[in-house]
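Undergrad: Dock chain B against the given chain A, drawing on the hints supplied.
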Amino acid sequence: DAEITQSPRHKIIETGRQVTLACHQTWNHNNMFWYRQDLGHGLRLIHYSYGVHDTNKGEVSDGYSVSRSNTEDLPLTLESAASSQTSVYFCASTGTGIYEQYFGPGTRLTVT
Amino acid sequence: AQSVTQLDSQVPVFEEAPVELRCNYSSSVSVYLFWYVQYPNQGLQLLLKYLSGSTLVKGINGFEAEFNKSQTSFHLRKPSVHISDTAEYFCAVTLGGTASKLTFGTGTRLQVTL
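Read top to bottom, the protein sequences are chains A and B.
With this note's numbering as the guide, the letters of the first sequence map in order to residues 1 to 112.
With this note's numbering as the guide, the letters of the second sequence map in order to residues 1 to 114.
Please keep in mind that the hints were generated in silico from the structure rather than gathered at the bench.
Some hints here could point you the wrong way.
Pairs of lysine-lysine residues, derived as DSSO-like cross-links and limited to a Cα-Cα distance of at most 27 Å, are as follows [claimed, not checked]: (1) B:K101 <-> A:K57; (2) B:K69 <-> B:K58; (3) B:K69 <-> B:K101; (4) B:K49 <-> A:K57; (5) B:K69 <-> B:K49; (6) B:K101 <-> B:K58.
Pulled out of the complex, with its shape left as it was, chain A reads as follows:
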């Protein structure tokens, strides 16, 4: 069965460190998204990609970057982690002409 996976599921890092969160989907979807979930804010879009080598900023992109070198993966990098980036991160994907998004299980990131 097609799926979308995220790794690691939990991560604790120190302030100022770099960390990359992985997202891998086997749906063969062109479109991939990264969200962060915080209490009282719901899910907010960080970055998204419409295909290989395409990346776009979402509403809360400061301090984050993504790259898309193939269809299946969209890794999210925090260049210099800050305590404000402690959150649960979700990856999602959708195909052309499909409007609902399919979500991964999430990564809980704690920046100490």
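TA: For chain B alone, kept in the frame of chain A given last:
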């Protein structure tokens, strides 16, 4: 730009009682609407969606929602809830197009008790 408002952050309800979770949206153009459910420590799962056609849409686990264009609402209902329905529920909207970004509401925590 579109936005979504979920007026109730928490909804407590007894088992077997009916429930309605409210969702209002704002957009100057036509939208597509979704309800997602998130069980503890899990990702989001699609409950139901409205794209076009009948304004009453049925989803999984006995949930349904009604699209009301004049009131810009998309409320979620279930006639009789179960303990297992305890979860966070998110309303979301997209403008459609080739690759649609979702805008989410802040979520409603449904707490079902005996």
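Undergrad: Decide, hint by hint, whether the structure agrees.
TA: Verification of the hints:
1. Straight-line distance between C-alpha atoms of B:K101 and A:K57 comes to about 11 Å, which keeps the hinted pair within the 27 Å bound.
2. For a cut-off of 27 Å, the pair hint linking B:K69 to B:K58 stands: about 17 Å separates their Cα positions.
3. Taking the CA atoms of B:K69 and B:K101, the gap is about 21 Å. The hint holds against a cut of 27 Å.
4. A distance of roughly 26 Å separates the Cα atoms of B:K49 and A:K57; the hinted pair therefore holds under the 27 Å criterion.
5. Restraint check for B:K69 and B:K49: the C-alpha separation of about 15 Å stays at or below 27 Å, so the hint holds.
6. Proximity of B:K101 to B:K58 is assessed by CA-CA distance (about 23 Å); at most 27 Å being required, the pair is judged to hold.
Checked against the numbered hints given earlier, this structure breaks none of them.
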